[in-house]
Amino acid sequence: MDFDWMKIPYAFLTVFIVVNYGFLMTALIQKIGARAGRRYGIPIWQNYVDMIKNYGLRSSITHGVMFYLGPVFRLSGGVGLLLFVPSIYGSEMFSNLSFAGDLILALYFIFFGTLGMALGAAESGHPHAAIGITRGLSQVSMAELPFAMAVFSVALQYQTLSVTEIVAAQQGGIMSWTLFTNPLAVAAAMLSFLGSMMRPPFDVVIAPQEIPIGPPTEYHSSYLALMQTNRVIFPVAKIVIYMNLFFGGATNWPELFLKVFLLYLFSAFVGVCFPRFRVEQSIRWFLVWAVPLGILSIVLV
Amino acid sequence: MIKRLIALALLAAVGSVFATLLFGYTPDAVLNLTARYYAEHTAADLGAANIVTAIVVTYRGLDTLGEVTVLFLAASIVGLVLAQGTQKKPRTPVPVGELLTTGARFLLPMILLLGVYVFVNGHLTPGGGFQGGAIIASGILLLLLADPLKHFSHGLISAIESVAGVIYVSIGLAGVFLAGGFLDNRILPLGTLGDLASAGAIPLIYSLIGLKVGAEFASILASLSETEEL
Amino acid sequence: MSALYIIAVGLGSAFLLGLLNERQRGLAYMITLAALTIMSAISASWLLIFAATGAHPIDILTAGTQPPFAINLRMGLVESALTLLINLTGLLAAIHMGDSLLAKGRRAMAVLVIAIMALCGIVLTRDIFNLFVFFELIVIATGGLVLLSDADDNGRAVSAGFKYLIVSQFISILLLIGIIFAYHATGTLNIDGMAEIVGSGIKPELATAFSLAFFLMFIAVVAELKPFPANGWALDIYESAHPGFSAIFSAATGSAALFAVDKLLLIGGADWLPVATGIGIVTFVGANLLALPQTNDRRLLGYSSIAQTGLVLTILGQQDILGEHTLFIAGGLLFAHAVAKAGLYWLSDFVATRSLTGWAALQERPLLVFAFVTFAAMLAGLPPFPGFYAKWELVHILAAEGRLALLALILFGALVEAGYLFRWFGYLIKREPDQEVSCNTVQIIPVFAAVLAGWALGFVWGELSGHSNLLLVLPLLFALAFLLLEWAPAWFKNTLAIGGMVTFFLQTYAEYDPLRLIFAVIFMIGGAVTLLASYHAHGRRIGFYPAAMLMFAGMILLIRATDTFGFFASWELLTVGSYFLILRGKHSEPHALSYIIFSLGGAFLILTAFALAAAAVPPAPTFAIASLGELVQPVAPWVFLLLAVGFMTKTAAIGVHIWLPGAHAEAETDVSPMVSGILLKAGLYGLFVLLMTMGKQSLYGVELTYVMLWIGAITALLGNLMAIFQEDAKRLLAYSSIGQMGYAMFGLALMNHLGWLLALMFVINHYIYKSMLFLSVGGVAKRTGTREMYKMGGLITLMPLSFIATLIGIIAVSGVPPLSGFGGRWIFYNAILTADSRLPMVLIFLAGPIAFLYLFRLIHTIFLGQLKDEHRRIKEAPFWIILPQMIYVALLMVVAVVPGMVLRHVDAYISRFFPEGALNWEGMSITSQFGYWNPVAIMIIVGVIFMLLFSWLLFVNRKAQKVKQFNIVFSAERPFRPETTHFAWNFFAPYRKAMGFLVQPFVTRFWETVTDLLHTAADITRRLYNGNGQIYAFHFLVFVVAVFAMKMGI
Amino acid sequence: MAHFAMATGFLLILIGAWGALTNRNLLRMIIAFTIADSGVNLVIIAVGYMHGRTAPILDSAVAAADAVQRIIDPVPQALVLTAIVIGVGVTALMLAYVYRLYEKRRSLDIGDFTELKG
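Those protein sequence lines, which keep their order, are chains A, B, C and D.
Under the numbering used here, the residues of the first sequence are numbered 114 to 414, in order.
Under the numbering used here, the residues of the second sequence are numbered 1263 to 1492, in order.
Under the numbering used here, the residues of the third sequence are numbered 40 to 1089, in order.
Under the numbering used here, the residues of the fourth sequence are numbered 11 to 128, in order.
Calculated directly from the structure, the hints in this document are not laboratory data.
Remember, predicted model here, so these are calculated numbers, not experimental data.
Glycine included, each C-beta is placed from N, C-alpha and C at the ideal position.
A couple of the hints might just be wrong.
[Unchecked claim] Sample of chain C residues at the chain A side, in silico, Cβ under 7 Å:
no., residue
1, G854
2, I889
3, N973
4, M978
5, F994
6, N996
7, K998
8, A999
9, R1016
10, T1020
11, A1033
12, L1037
13, V1038
[Said to hold, decoys possible] The calculated lysine-lysine pairs, modelled on DSSO-like cross-linking and capped at a C-alpha distance of 30 Å, are:
no., chain 1, residue 1, chain 2, residue 2
14, A, K144, A, K120
15, C, K625, D, K114
16, C, K625, C, K735
17, C, K1001, C, K821
18, D, K114, B, K1265
19, D, K114, B, K1412
20, D, K127, D, K114
21, C, K907, C, K1003
22, C, K914, C, K1003
23, C, K469, B, K1412
24, C, K1003, C, K1086
25, C, K914, C, K1032
26, C, K625, C, K821
27, A, K120, A, K372
28, B, K1265, C, K1086
29, D, K114, C, K143
30, C, K735, C, K830
31, C, K1001, A, K166
32, C, K1003, A, K166
33, C, K469, D, K127
34, B, K1265, D, K127
35, A, K166, C, K998
36, C, K1086, C, K830
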């Protein structure tokens, strides 16, 4: 088996870059959101502080094996997702571990962390964790649907499931982005995007008021640290997929940073403008608005 | 009322079938195939003067055996059913009158004799086992009317009935071995047409039938008579 | 011995009985038995002669004169068989009624002997008037026996008998008028003579009279068959008479009367065949429908008898097309009916109460249960009994001649009949017995004689069928052998079963092509692995092994079948076997019933399809399955449609799925994986075969595979959706199976290379993970004593192995990498990229994430969350239930890492059908024309990341202690009761609010409405039978007039 | 002649049937049936009748040789004998039934024996 062992350090590099970028970006977005709400917001380095503190803490309690594994699953999911998709188009160095599988692998790997998280939180025996999970799963199952259809539409459009080839097909100017060649799919995917970013109006799952903090209620110290790390990796990884599929990918890191930031900002923007939905409302919202777009995109492509 | 109307409608429909049969019916001018055969062959083959008897006892002997069996069955069942009912309690006999008693005493032998005559001569003259048996049974009926408390030996009646039946079947089987088939009357000499001792086994069979029928009717009558009035 | 001796012996002994003393009852009884034995022996000797030599029938003359001038009898193959049936029924009935006969005395015995003799007479005689005499003998003997056999001594039988006599009087009036005018028109009383004259043309002036006369004779004799609806009197007799006698009335009288009708049809000729058909089919369907709401066992059997007689009459009416097969078909159905019905009536004597549920008393006697099963299977026409072969022939010929409406009616009636029979069997097995079985050794003899006769007939009909005799097929024999081993302990039988299946696989695996090999492995090796779980059972486990092995035998034969006959026979075998298996569950009675009804309905569709197919291709004794591909328009799409729907009832496609959840959920712990993980694959195999041979078909411009695509997608969506709302863990898994089968069907219907590969992937995966999950959940349910998930919780520490199995299972089902489910999803996406139709895929997309919901619910509410107080001392599931789960875990891992091991061979095989789109299996990576996938790499990458993080966390938290259950805080309180803390009930409430409208039980309501309508119709019709004998006479006359109007009107 | 007898016979059958269908009393029904039976027997005999011929008995009046031209059809006569006897048997059986029914219920109304139905 001829395996290019250099891929491993490269992969670590990608993770490193993304983690740092994610720290800064999420803090920035949070600050923007706070300002929009006429609050001062957190300092930009707050994430680093929290992270160092949490990694430094030692816990002496656990609720059981799955409780233990929850954060592990979660972060594995985030990192895996990041690594199964090439970050920078045309760069051998940052194509990561995408040789293992194509778009479908990424699509399904999104659920890996969700599943593990759900299992771990449930093991804590905290009812709010379970309630949060049911709400989250209910909402995600519907929110992911338009995205899946958009992905399928794109795959049909380009007749491939390989992320690299899809990005390649979008090179040559902004007008060859999927955003313009297949606007319906992108619209559907972007609506779905709102649902999966855990921001208002679709954040009842981790609702900070009614239920302490949703599934992660019982997590603290190093458990929480792992999950917080994932909170920054996962959105970036996901946005990278969006970027690759719909927005022409990125040929270098600054382009990636920019695109990721703008996409993230989009969800934050919507989040500060709209009030929160209840779960059944959001399910219906996706069913009524996003799913038809997805169907249209499949039929018309 | 509705029931009657429906009944009327149904019977009208059945009646229309009957009417079609009736109006479409023309009597045969000549004997048909079967009847012709009987007319031509009975005398020669079976030696019986009464063709109807020949048909009843021999040609269609299986029917007759069945017929006898029907009576046997009826008698058995009636006997069984009525025997299961409560037995007649002794009661004061209704006076039956001198005329009836005397008449019965006087007529009974003659009736029995007539009955025997009728079935013995069944192959020669109109009549036969069934008619003779019925006549004998009517004698029994007379006896019962004259003396309602009269007790008949069911064992005897039953023995007559059964022995006659068994012999009947045996004669029938003898036909298989000695003649052309089951119930063939030619196991005995045919004799001369018109003689009493002619027509092979027909007189014998008809006598057995007469005895059997008489016994069966008698048995039914006796059973009915012995039953408690409800 | 001449056949005449039957009559002579009967009569002679009857008269002889009269000679005996009333007290010599023992002797009288011996004479009765001896006479009936001799009569049976005579018939049997003739049957042997005719069967062995194929000699022509022999005419027996009476009076030494040639017919038509004297009465003649005829003994041939049919006559000898029928008289044997009659005499044996009589003999066995006499044995059965021994006590009663001895109590009533010699005259009752004489009546019985005469009745049997007269029935033989009806069969033997060739004279129409003689026929009348024998009929009257029957009437009187029947009347007498009913009168004497007033079982409860409350006069009910007496009033029934009187009603019978009233109608008989009307019948004999019509018969006599008919005979005399027929005689006048033809000049003969001989049946053959009349037929000859009618055949050579009757004189025109006599023609009208003759046809009227014939009508009267015909209708009178047909009335002896108790046609619907002119049969109230007969039902009352069936209900009230001594069962020993009812057996004669049903088995012997019915058969003799049918033969009489056949003789009349000989005279009437082709004109009257439609009339017989019409009366027969109306009777068959009507009586079966009316049997549905019956609660009295004997009355129900009466309705069933009438129905079966109606069916045989229908067949007699179809002589014009059945030709030389009439005998085989009518005989098969008639003998099956007679033997079974007699047996059931005799059995009914052992049951004290007259309700159907009272038969639960038989539960304690496995042998009697076996007898009941034999009889019910014979009546329902299941293999390997004669009715099955007969049904096969009948349907084929009807289809070949295009009499499809009749075919549909027959199958509908048969389905209704199977419905009430199996419902009854459900009562027998499942209801609480409220009384003891009362039977003595002697009374059991006739029942088991009937059982033996049933199996023997099955063998004979198998030999005569021209197809392979099912009773000579090894797997089936192996299954049946377990009947003889019922005394052995369960572990012994289990070992034998596993050994047998593995050995058979090793002996035959070289014979299968890759596709069949996969199914063979799942059926045989998979079955053996699942059977490992059965070691946990103690005792003898009576009834389990014959049923299970019957099912496995059916499945094995299914993949080995090359012609349609073998295929259909094995289909029925596996259906029946699985039905018995499912019925073993504690509360599975209604579900097993709906399972068998849907399955038989599906089987009938398959049968019809095979028949239509065979009709479209030049006649051959067998129709190879491969020849399905040769069919052309217009028949091909219909065959396709019927077969597809038939197979889909087994895979529980939406619309015909309602049987599955209950059946799978209520089954025993080790049965659920068999019927879910393994049995469902039989339906998929059917669909595979169908699509492989027939490919795409379109009907009225609609592509049928496209419809199937939609059905598959809807099934996948709704199955998954319904699964998330279940509170019962096994029901949840069952609904999940519906969804999974939807996926597989969808894959098949894609009609491309990858679609099929997808379906196969599902076949393999679903077998593994669903077996595993069912075992795991079953083990938990066994320990906790409930299947309601909200009553469980927190079992992870107590049942860790079950938890692991469930965890692996749900990861695999959900399709999350790196486990094997992902392979399926990957192939799925590749497959749909090449498909033309895109809309149904939307549904499939939706179905995917929904699977997460129910899977999470499964693992959360059982293993995570709060442990209940009453479960604190629970132990891990029994070893034998855990063992197969661990094997499955290992298997899943293997399939996940090296899917190519199995799939590449199949991939190559599928290339024969779809050369386009094959996968590339070079190296570690699997490549399609669109994408790629490297299972090993995924496993390693995920594993490495996972282990890195895990070991870090372990390291930093090495001092962490597991805290107490309630060491959590919420809403400023510390919880103290697990019940209020375990969030489990109505788990996905928001989802129900949003999507609940999709899972309204429309389909269930639809089928409920159908059955309700049937029952209501039957209940309304029942009111016709108001019990008044005079009204029954009206019925008879209305029947006569109606038939007359129809016949003459046409 | 034959038509007249036959018409009478049919009429008797219909009368008997009417009686059996409309009378609720068991004994009356039985009597109605015997009337109908007589009608049947009359019809049978009527069918065998041929105008201008004599009874099928060979004696001094009818010689065996010309019997074919002289006698009427003997078959219906043989049949009717059987029919009559069977009728008697059935009637006897029905009477036994009525006895037993009356014994059980003290009623002769057919409408009182309807406990078996449906």
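Hint by hint, here is what the structure shows:
1. Satisfaction of the interface hint for G854 of chain C is found here, the shortest Cβ-Cβ separation to chain A being roughly 6 Å, below the 7 Å cut-off.
2. Look at I889 of chain C: its Cβ gets to within about 5 Å of chain A, closer than 7 Å, so that hint holds up.
3. Residue-level restraint check for N973 of chain C holds (minimum Cβ-Cβ distance to chain A is 5 Å; threshold 7 Å).
4. The criterion of a C-beta within 7 Å of any C-beta in chain A is not met by M978 of chain C, whose closest approach is roughly 9 Å, and the hint is violated.
5. Residue-level restraint check for F994 of chain C is violated (minimum Cβ-Cβ distance to chain A is 10 Å; threshold 7 Å).
6. At a threshold of 7 Å, the smallest CB-CB gap from N996 of chain C to chain A is about 6 Å, leaving the interface hint in force.
7. Evaluation of the K998 of chain C hint against chain A yields a held restraint, the C-beta minimum of about 5 Å falling below 7 Å.
8. The criterion of a C-beta within 7 Å of any C-beta in chain A is met by A999 of chain C, whose closest approach is roughly 4 Å, and the hint holds.
9. A distance limit of 7 Å between C-beta atoms decides the matter here; for R1016 of chain C the minimum to chain A is near 11 Å, and the interface restraint is violated.
10. The beta carbon of T1020 of chain C comes within 5 Å of a beta carbon in chain A, closer than 7 Å, and the hint placing it at the interface holds.
11. Residue-level restraint check for A1033 of chain C holds (minimum Cβ-Cβ distance to chain A is 4 Å; threshold 7 Å).
12. The beta carbon of L1037 of chain C is not positioned within 7 Å of any beta carbon in chain A (closest approach about 10 Å), and the interface hint is therefore violated.
13. Interface hint status for V1038 of chain C: violated, as the beta-carbon distance to the closest one in chain A is roughly 14 Å, over 7 Å.
14. A C-alpha spacing of about 36 Å is found between K144 of chain A and K120 of chain A, which places the hinted pair above 30 Å, so the restraint is violated.
15. With a C-alpha separation of about 46 Å, the suggested pair K625 of chain C and K114 of chain D falls outside the 30 Å cut-off, and the hint is violated.
16. Between K625 of chain C and K735 of chain C the CA atoms are separated by roughly 43 Å; this puts the pair beyond 30 Å, and the hint is violated.
17. Note on K1001 of chain C and K821 of chain C: the hinted pairing holds, with a Cα-Cα distance of about 28 Å set against a maximum of 30 Å.
18. The straight-line distance between the Cα atoms of K114 of chain D and K1265 of chain B is roughly 27 Å, inside the 30 Å bound, and the hint therefore holds.
19. As the CA atoms of K114 of chain D and K1412 of chain B are separated by approximately 27 Å, the hinted pair is consistent with the 30 Å bound.
20. Restraint check for K127 of chain D and K114 of chain D: satisfied, since their Cα atoms lie roughly 19 Å apart, inside the 30 Å limit.
21. A distance of roughly 13 Å separates the Cα atoms of K907 of chain C and K1003 of chain C; the hinted pair therefore holds under the 30 Å criterion.
22. For the hint linking K914 of chain C to K1003 of chain C, the alpha-carbon distance of about 19 Å falls within 30 Å, and the restraint holds.
23. For a cut-off of 30 Å, the pair hint linking K469 of chain C to K1412 of chain B is broken: about 62 Å separates their Cα positions.
24. Between K1003 of chain C and K1086 of chain C the CA atoms are separated by roughly 86 Å; this puts the pair beyond 30 Å, and the hint is violated.
25. With a CA separation close to 38 Å, the supplied pair K914 of chain C and K1032 of chain C exceeds the 30 Å bound.
26. With a C-alpha separation of about 12 Å, the suggested pair K625 of chain C and K821 of chain C falls inside the 30 Å cut-off, and the hint holds.
27. Among the hinted pairs, K120 of chain A with K372 of chain A is consistent with the structure: their alpha-carbon atoms are about 25 Å apart, no more than 30 Å.
28. A C-alpha spacing of about 26 Å is found between K1265 of chain B and K1086 of chain C, which places the hinted pair at or below 30 Å, so the restraint holds.
29. Simply put, K114 of chain D and K143 of chain C have alpha-carbon atoms about 19 Å apart, close enough for the 30 Å limit, and the pair holds.
30. Note on K735 of chain C and K830 of chain C: the hinted pairing is violated, with a Cα-Cα distance of about 49 Å set against a maximum of 30 Å.
31. In summary, the hint linking K1001 of chain C to K166 of chain A is supported, as the alpha carbons are separated by about 23 Å, within the 30 Å threshold.
32. Among the hinted pairs, K1003 of chain C with K166 of chain A is consistent with the structure: their alpha-carbon atoms are about 27 Å apart, no more than 30 Å.
33. Distance restraint check for K469 of chain C and K127 of chain D: the Cα-Cα separation of roughly 28 Å lies within the 30 Å cut-off, and the hinted pair is therefore satisfied.
34. Restraint check: the Cα-Cα separation between K1265 of chain B and K127 of chain D comes to about 19 Å, which is no more than 30 Å; the hinted pair holds.
35. In summary, the hint linking K166 of chain A to K998 of chain C is supported, as the alpha carbons are separated by about 19 Å, within the 30 Å threshold.
36. A C-alpha spacing of about 67 Å is found between K1086 of chain C and K830 of chain C, which places the hinted pair above 30 Å, so the restraint is violated.
This entry does not satisfy hints 4, 5, 9, 12, 13, 14, 15, 16, 23, 24, 25, 30, 36, going by the numbered hints stated previously.
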